[in-house]
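**Q** Given the coordinates of chain A, assemble chains B and C onto it according to the supplied hints.
Chains as they are written, first to last, in the numbering used here: chain A, 1117 to 1319; chain B, 1117 to 1319; chain C, 1117 to 1319.
If you're looking for bench data, these hints aren't it; they were derived computationally from the structure.
Please note: incorrect hints may appear among the correct ones.
Heads up, the list lumps identical chains together, so a pair's fine if it works in one copy or across two of them.
Said to hold, decoys possible - DSS-like mimics (lysine-lysine), calculated; alpha carbons at most 27 Å apart, straight line:
hint : residue 1 : residue 2
1    : 1143      : 1309
2    : 1143      : 1307
3    : 1307      : 1204
4    : 1198      : 1309
Listed here are the chains, written in short residue letters.
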Amino acid sequence: MSFFNVLDILGTIAFAISGALSAMNRKLDLFGIFIIAFVTSIGGGTIRDVLIGNTPVSWMENTINLYLIGCVTIVAIIFRNKLDYLKKSLFLFDTIGLGVFTIIGVETGIMAGLEPIVSIALGAMTGCFGGVLRDILCNEIPVIFRKEIYATASIAGGVCFMVLYTLNITQNSIYIITTLLIISIRLLVVKYKVSLPSFTVQK
Amino acid sequence: MSFFNVLDILGTIAFAISGALSAMNRKLDLFGIFIIAFVTSIGGGTIRDVLIGNTPVSWMENTINLYLIGCVTIVAIIFRNKLDYLKKSLFLFDTIGLGVFTIIGVETGIMAGLEPIVSIALGAMTGCFGGVLRDILCNEIPVIFRKEIYATASIAGGVCFMVLYTLNITQNSIYIITTLLIISIRLLVVKYKVSLPSFTVQK
Amino acid sequence: MSFFNVLDILGTIAFAISGALSAMNRKLDLFGIFIIAFVTSIGGGTIRDVLIGNTPVSWMENTINLYLIGCVTIVAIIFRNKLDYLKKSLFLFDTIGLGVFTIIGVETGIMAGLEPIVSIALGAMTGCFGGVLRDILCNEIPVIFRKEIYATASIAGGVCFMVLYTLNITQNSIYIITTLLIISIRLLVVKYKVSLPSFTVQK
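Excised from the complex, chain A in its bound form (with noise of 0.2 Å):
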């Protein structure tokens, strides 16, 4: 098991904990919150391989991830009081797993011959519409359209990996620098508290 494989768990983990965690806020019963920690952890990749075609969808083919979903969907609904203590250990892991997950919807559309503007928002897709998908079923707006640099991070680091590829550059130095680029966005955005402008229409 890779490097890379070991960011993708933790990403994996921390998308499941931010659903359970939602559905919990919103009092779903039980079904609800392992529904929405799945929909969380797989949508956005789900969602990427519907529209390329890639189907069965990723977590058919592999289903190791739905068995870690589950454990870790039990965890957090047992020490649901106490994951307050870890949030920033669960800020890193998700920011780690947007990067992770952007990195591997990038690297889909380009092994799917698409265009280098299709693969960043393939790598944006799956990093980000795991969590719209979660706030659509909770009757919410999607938080990433309201607040906080996270799809532009994502973007960002989409933007750097098709760069970085056409310099023909180590797969490996690829990820490790757009991986630390999307987690330094992010730790800059919420420490400097920077938003993104939304405009008003006059009535």
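**A** Frame of chain A, contents of chains B and C only:
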């Protein structure tokens, strides 16, 4: 036409009526009522087909259900104030629909050579996700995430189906036992007002 | 570039602007505005492609539209307070878009050898479901389920297209008649404030 087809038709009818009723309760217009009826009835199977790559999706190849749903919706609109008298029959039809759709989903997964856990997930999707789409389109948190042992009955049925299938029991016996199990769970749950626990996060 | 392509571009522009406006009205940030503009413009065609298995979906193979939507969105943000003056042109563009997208959807169904009723449904999806996704992402009940004869105009156009197609009329005549029909219905409906009935269920 087999006995199973008859059950399938009853389920499709019940799901269409439940969709049409939801739409009328939300004061949607005629078009909205039809769309929600269709989505509730064929939405679960459509998501299943898209995820495993079974395209064009089933309702495009087998359009008889579209006409059936259209007619049922018209009848539901005309008799909208009488449907209360049919509440018990509708509940039974809906539960039959859940059972039949679950079985169709699990079988589709087995045919596609997918792992047992994935087949069970496909069964639950086929049975429950039409209702999830209905609730999302009506701007509500899906009811199956909040109360009632609905999806859980479907999952229990899926597990039962897989176990019996492994034991090499005849297809008809599997169908009957699985459907009866799902119906029994639903009836018991509603009678004794059982619901899954939800968990509060202390702030 | 044919006359039809010009209409397609007008439609894409109108849909992108309508998405960007919705997003700004909901106070979404810059990223949210772009995503909603994209989804409104290409969402209907994407759902169509996914359901019939035409993957990778159209916008991945024909990326020119992505750049067009991106530019239109920037212009819409800059001139957001001037768009009111363009209300009538935008309404016309939007209606042209509905007509063109409907035709593209119906034709896609015919090419894929699907039944007429399915082709008409694909036309309505291509024309209307971008707006449905826009409203779901903005956490609203889709406007086309609640008021305005919008989807109905699309369906009428689809039926008209299928009838003319069966009569072996030249492609250009079919395009023009169908588009004119859809535009006329929309104009008449808005002028005379016609709307589909909704039905109340007595409690």
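**Q** Which holds for residue 1198 with residue 1309 at a C-alpha limit of 27 Å: within a copy, between copies, both or neither?
**A** Cα proximity of residue 1198 and residue 1309: one copy only (26 Å, versus 31 Å across).
**Q** How would you label the pair residue 1307, residue 1204 (within, between, both, or neither) given a Cα cut-off of 27 Å?
**A** The answer is within: 12 Å in one copy meets 27 Å, while 45 Å across copies does not.
**Q** Is it within, between, both or neither when you check residue 1143 against residue 1307 at 27 Å Cα-Cα?
**A** Answer is between; shortest inter-copy Cα gap is 23 Å, intra-copy 31 Å.
**Q** Could you figure out if residue 1143 and residue 1309 sit no more than 27 Å apart (CA to CA) within one copy, between two copies, both or neither?
**A** between (29 Å within a copy, 18 Å between copies)
Of the numbered hints stated above, none is contradicted by the structure.
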